[in-house]
Amino acid sequence: MIVIESLTKHYGPIAAVDGVSMTIERDSITVIVGTSGSGKSTLLRMINRLIEPTSGRVLIDGRDTASESGHRLRRHIGYVIQGYGLFPHRTVAHNIATVPRLLGWDENRIRPRVAQLLEALQLDPAVYSGKYPHQLSGGEQQRVGVARALAAEPAVLLMDEPFGALDPIIREKAQDDLLEIQRKFGTTMVVVTHDIDEAFRLGDRVAVMSAGRVLQYDRPEVLVTHPADPLVARMTGSAERAMRLLSLTTAGEAALPLTPGEAGTGGPAVPASASLRVVLSELLWHGSESATVIDGDGTPRGRLTVAAILARARAR
Amino acid sequence: MSSPGLLMRRPAAARHTAVLAGIDRLGALLTLLGAAGLFLLPFVLFKANRIVPGDSRSVAQVLPLWASLGFEAMLAAVAAVALLIANGPLRLAAALGGIVGLAMALAAAANALTPPHNIIVRVAPGGGFWLLAAALGLLATDAITRMRPGPGVRVLLLGLFLGAAGLALTHGTFDNVSIVREYSLHASAFALAARQQVLLSVGSLGAAVIVALPLGILCHRAPRLKPGLLGALNVIQTVPSIALFGILMAPLGALAAHVPLAAAVGIRGIGAAPAVLALFLYSLLPIVANTVAGLKRVSPATVEAALGMGMTRWQTLTSVELLLALPVILTGIRIVLVQNIGLVTIAALIGGGGFGTFIFQGIGEMATDLVLLGAIPTVVLAFSAAVLLDALIEVLDRARQ
Ligand SMILES: Nc1ncnc2c1ncn2[C@@H]1O[C@H](COP(=O)(O)OP(=O)(O)O)[C@@H](O)[C@H]1O
Ligand SMILES: [Mg+2]
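Sequence lines, in order, name chains A and B. Here the first sequence is numbered in my numbering, starting from 1 and rising by one per residue. Here the second sequence is numbered in my numbering, starting from 1 and rising by one per residue.
Worth flagging that the hints you see were computed from the coordinates, not collected in a lab. For clarity, every value in this text was computed on a predicted model and none was experimentally measured.
Straight-line Cα separation of at most 20 Å, SDA-like style, residue types lysine to any residue; simulated pairs:
#1 K131/A to R398/B
#2 K131/A to V395/B
#3 K296/B to P88/A
#4 K173/A to E140/A
#5 K296/B to I217/B
#6 K184/A to S28/A
#7 K131/A to P88/A
#8 K184/A to S273/A
#9 K296/B to G83/A
#10 K173/A to R183/A
#11 K173/A to G138/A
#12 K131/A to L396/B
#13 K173/A to A274/A
#14 K296/B to R224/B
#15 K173/A to S273/A
#16 K296/B to H89/A
#17 K184/A to G296/A
#18 K184/A to Q116/A
Next up, chain A with everything else stripped away, as it sits in the complex (with noise of 0.2 Å):
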C-alpha cells in the first residue's frame, strides 16, 4: 500500500504538485490521467524521489520512503517511461539485468531471472536475448523496458505514458498485456496517462488530475456516473458516457442466470471476458435479441440481452 500524505512540489512562484493525498491499495492498478502539464509525472516521480518534495511524505507499506537513499530506494520500486529508456549500448539481457545487477545478485540466479521476464513478455529468450535495443520494433522495446523494470521483482511499479510512443493497434495489445502481467505478479501498479480511454481500460481506480491537485480518484463506474468536478465531467465525456460505462463491465460479471432447457437457443456465443460494449455490438450486429456467455472452455455459463445491457448503460 502506497500511501501518499499532502505531497506539494513548487517550482519557484508555480505548485506542479498541490498538496495531493491518496491511498494506492495493494495489487491494484491505480492510474493517474489529465491533461498536459497537470502535474501527474511530477507526482509519479516524487514516489521514487526522482523529485524531491517541497512538502508531504509518501509511505510503502508503512515505511516513509525518505528513511534511505533515493538510489536504494528505486532499486526496489519499477520503473517505466515513454519511450522507455532502454541503454543503446547493452543487449536486451543485459538491459533487463540491470536492477539485479545494482543489487548484487548473483549471474546465477540473473540469467534465469531474465529468460523468465523474456518469455512472461512474449519475447524468445534465444531470440532475443543478445539482440540491442535498435534492432527491436517500438512494441519490443516497450516489452523489454517493461521487463527490466519488474526484473528484481519490486512490489511497485510506476509507469509514466508506458504506451505513449505505440501506435493504437500495439497499443491495446500492451494494455492487455499489462493487465495480464499484473495478475500474474500482483504488483502495485501505477501508471500516468493523458488518454481518458487507457485509463478507463487499466484502471481499477482512477484519479484525475488538473493544475497539481486531484480532482476526484475513484473507482472508473463512480467518475462516469458521480463525476465531482465539471472538468472530470467533460473528461469522462458526455455523448460517450453510456457506451464508456458497459465497456467497465465484462460479460461474466452481467451474465443472467441460465433458465434450463434455454442454453444454446439465444443468438451468438460471446467469451465471458469480453466486454459488454463488445457484447451489445455483436447483438445489434446479428440482430439478435440475447446472447450465449460461454466460458474459456467453451461451457455455456450464462445469457444476456440487449435490454440487460441497456438497462446497466443508465445513469444510477
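Dock chain B with the ligands against the given chain A, drawing on the hints supplied.
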C-alpha cells in the same frame, strides 16, 4: 518542320556525354598532375654537396633509354587504369605498382648520379618526383576509400605501409637518395626526436584529457558556465602558437628562477615545459567542446531510466553517459592528437625537441633534405594517429548505434 532536326541531334550529344562519363574525373585530374610532373619538372636534383642549389635532371637524362621508356610505359598503364577502370582493388594495385616503380626509378637515378664511394654529392627528389608521388598517393587513397574497408583492414593497411617504408629505408636500396643519406648522418638524433615528438604530443594530450573531461561534464551539468568557459578556451585557441610559446617563456622562466623545486623538475622558460603547457592549452577546447556535444547526444530518457533504476549519479555518468558519449569525445581527442603532432614541430624553436629540430636546423643550413627529414616523419606520424583513432571511433560507434 524544324523540330525533327533538333530531335535528331540529341542522340549524338548523348553519346558524347556517355564517352565522357566513362572517364574517371579524379583519374583525369591525377593523370594531368602526373604528366606535368613527368614532363615539366625535374625528376631529381643533383647537388655537388648538401647545401648548394641543385641542377635539374629528368628521367631520360639519368636512366638508360630502356629504363626510362619502361618507366614512362608503366606510368601510362597506371594512368589508363586511373582513367578507365572503376574497380577499387584494381585501382589500388595500379597505384601501388606505380609507387614501387617510382621508388625504384628514384633509387636508380640516385645510384646513376652518385660516383662510387662519394658521400659528398647529393641526389634529391625533384618537383617532378613529388608531383608523381602525390598523384599516385591520392590514387591509392581514393582506391582504398572506394573499397570501403572496415576499421581492422584500414589499420592493417597502415601497418603494411609503415612496415614497407621502414624496410625500404633500412634495406640499402635508397642509400644514395639525399634524405636517406641525411638520415644516416642523424640516425641517433632521429630516434631521440621521434621519442620527443610522441612524448610531447601524447603527454600534453593526456594532461588535457584529465582536465578537459571534468570541465566538459561541468559545462553539461551547469549550462550557465558553458559560454564563459568555451569563450575563454576559444581565445586561447586564437593565439598563434609562436606567440603563445613566447608568452609562456617569461612566467616559466621566472618560476624556475624563484622556485628551486620547479627548476629541479625541469621547468624552465625554454625547452619542453612551455611547449607542453602551450599544447595542453590548445588541446582543451576541442576536448571540452566534444565532451559537451557527446553528453548532449545521450537521450534524456536513457539518463532518466538509469537514475530511475537506482543507479547513483556517478554510476549513471560513468557507465551510461560517458560510455555513450565516448565516440564523440574520441573525435575531439583525434583532432587534438593530430594537431599536437603538427604543433610540436614548432616547439623546437624554443628548444622543445622533436622533429622540428631538423626542420629549423635544415632551414638554418639551407639544407632542404634535412628539412624533409623532419617534415616527412611528422606527416606520417599525424596520418597514422588519425587512421588509428578513426578506426577505434568507428568500432565503438558501430557497437552502439
Ligand atoms: N524542472 C522543472 N522546472 C520548472 N517547472 C517544471 C519542472 N518540471 C515540471 N515543471 C512544471 O510543472 C508542471 C507539471 O509538470 P509535469 O508533472 O511534467 O506535467 P505532466 O506530466 O502532467 O504533463 C508543468 O507546468 C511544468 O511546466
Ligand atoms: Mg508527463
